[in-house]
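Engineer: Same order as they appear, the protein sequences are chains L and Y.
The numbering used here numbers the first residue of the first sequence as 1 and each following residue consecutively.
The numbering used here numbers the first residue of the second sequence as 1 and each following residue consecutively.
Note that these hints are calculated values from the structure, not bench results.
Every residue, glycine too, gets a C-beta built ideally from N, C-alpha and C.
Just to be clear, a hint being listed does not mean it is correct.
[Said to hold, decoys possible] Below, simulated DSS-like cross-link-like pairs (lysine-lysine); rule was C-alpha separation at most 25 Å, straight line: (1) LYS45/L - LYS7/Y; (2) LYS45/L - LYS98/L; (3) LYS7/Y - LYS65/Y; (4) LYS2/L - LYS45/L; (5) LYS42/L - LYS98/L; (6) LYS79/L - LYS2/L; (7) LYS98/L - LYS7/Y; (8) LYS108/L - LYS79/L; (9) LYS7/Y - LYS42/L; (10) LYS42/L - LYS79/L; (11) LYS2/L - LYS7/Y; (12) LYS2/L - LYS98/L.
[Stated by the list, open to error] Part of the chain L face toward chain Y, derived, beta carbon under 8 Å: (13) ASP39; (14) LEU46; (15) GLY94; (16) ASN97; (17) LEU99; (18) PHE101; (19) THR103.
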Amino acid sequence: RKEVEQDPGPFNVPEGATVAFNCTYSNSASQSFFWYRQDCRKEPKLLMSVYSSGNEDGRFTAQLNRASQYISLLIRDSKLSDSATYLCVVIFTGGGNKLTFGTGTQLKVEL
Amino acid sequence: SAVISQKPSRDICQRGTSLTIQCQVDSQVTMMFWYRQQPGQSLTLIATANQGSEATYESGFVIDKFPISRPNLTFSTLTVSNMSPEDSSIYLCSVADITSTDTQYFGPGTRLTVL
Numbered sequence: 001r002k003e004v005e006q007d008p009g010p011f012n013v014p015e016g017a018t019v020a021f022n023c024t025y026s027n028s029a030s031q032s033f034f035w036y037r038q039d040c041r042k043e044p045k046l047l048m049s050v051y052s053s054g055n056e057d058g059r060f061t062a063q064l065n066r067a068s069q070y071i072s073l074l075i076r077d078s079k080l081s082d083s084a085t086y087l088c089v090v091i092f093t094g095g096g097n098k099l100t101f102g103t104g105t106q107l108k109v110e111l
Numbered sequence: 001s002a003v004i005s006q007k008p009s010r011d012i013c014q015r016g017t018s019l020t021i022q023c024q025v026d027s028q029v030t031m032m033f034w035y036r037q038q039p040g041q042s043l044t045l046i047a048t049a050n051q052g053s054e055a056t057y058e059s060g061f062v063i064d065k066f067p068i069s070r071p072n073l074t075f076s077t078l079t080v081s082n083m084s085p086e087d088s089s090i091y092l093c094s095v096a097d098i099t100s101t102d103t104q105y106f107g108p109g110t111r112l113t114v115l
């Protein structure tokens, strides 16, 4: 079983739609969680950290469920520019600063 | 966030040769890392580049194949040695600072193709 699992997609949604991605992680001793965004042929860029209390940044909302070991990302009012691959990233306790990446979920927002 | 550059941005190499990739940061950073992203896959950490000492390698990666240098707090190199087509990948460096060690910023990557 992979340490961090995501549905690869692609998710094809119309502009303005709300879309949600989930990510599950295998190690309950996990300390930090992030969503990164990677555009085609570009480097990953930090989208947002995920806190236990949940957090929101504009149209983006991230949630963490430690009991079920999953992280979610909700995108409201999706834009064409949101089209990218969204990477779920976990730092496991005792792993130093090692980022463990999921394989990513591809989102395509269409007119 | 730090501005990170990598050289070369891409290269096509013959099997059996070696390529050294450079990573330059515009400010001093505590931690530097090297990742690999093979086609259609996510990122895998190769090693942590330690300033003034040997790099710390992840399982499956060895110093003879991926020697790393980090002479100061703004620069690191990764060499891919004795290349084979399986080494074709994107190689990315990332940095983190002691003030926020969980947050990493990535360079633009080096796209390597081995024939």
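Engineer: Given the hint that LYS2/L pairs with LYS7/Y, does the C-alpha gap stay at or below 25 Å?
Structural biologist: 32 Å, violated
Engineer: For the pair supplied as a hint, LYS42/L and LYS98/L, confirm whether the alpha-carbon distance does not exceed 25 Å.
Structural biologist: 21 Å, holds
Engineer: Tell me if the straight-line CA distance from LYS7/Y to LYS42/L falls inside 25 Å.
Structural biologist: 15 Å, holds
Engineer: Is the hint on THR103/L kept, meaning its closest Cβ partner in chain Y is under 8 Å away?
Structural biologist: Since chain Y brings a Cβ to about 4 Å from THR103/L, closer than 8 Å, the hint holds.
Engineer: Should the hint that ASN97/L touches chain Y count as held when the rule is a Cβ pair under 8 Å?
Structural biologist: Cβ of ASN97/L sits 5 Å from chain Y, so the hint holds.
Engineer: Given the proposed pairing of LYS2/L with LYS98/L, does the C-alpha separation stay at or below 25 Å?
Structural biologist: Roughly 16 Å between the alpha carbons, so the hint for LYS2/L and LYS98/L holds.
Engineer: Let me know if the C-beta of LEU46/L comes in closer than 8 Å to any C-beta of chain Y, holds or violated.
Structural biologist: At about 6 Å, which falls below the 8 Å cut-off, the nearest Cβ of chain Y leaves the hint on LEU46/L intact, so it holds.
Engineer: Does the alpha-carbon distance linking LYS42/L and LYS79/L stay inside the 25 Å limit?
Structural biologist: 19 Å, holds
Engineer: Hinted pair, alpha-carbon criterion (25 Å max): LYS2/L, LYS45/L. Please report holds or violated.
Structural biologist: Since the Cα atoms of LYS2/L and LYS45/L sit roughly 22 Å apart, the hinted pair holds (cutoff 25 Å).
Engineer: Can we keep the PHE101/L interface hint, with Cβ of chain Y closer than 8 Å?
Structural biologist: 4 Å, holds
Engineer: Is the shortest C-beta separation between GLY94/L and chain Y less than 8 Å?
Structural biologist: Not OK, violated: GLY94/L not within 8 Å of chain Y, min 14 Å.
Engineer: Could you grab the alpha-carbon distance between LYS45/L and LYS7/Y and see if it respects the 25 Å cut-off?
Structural biologist: 19 Å, holds
In this structure, the earlier hints numbered 6, 11, 13 and 15 are contradicted, and the remaining ones agree with it.
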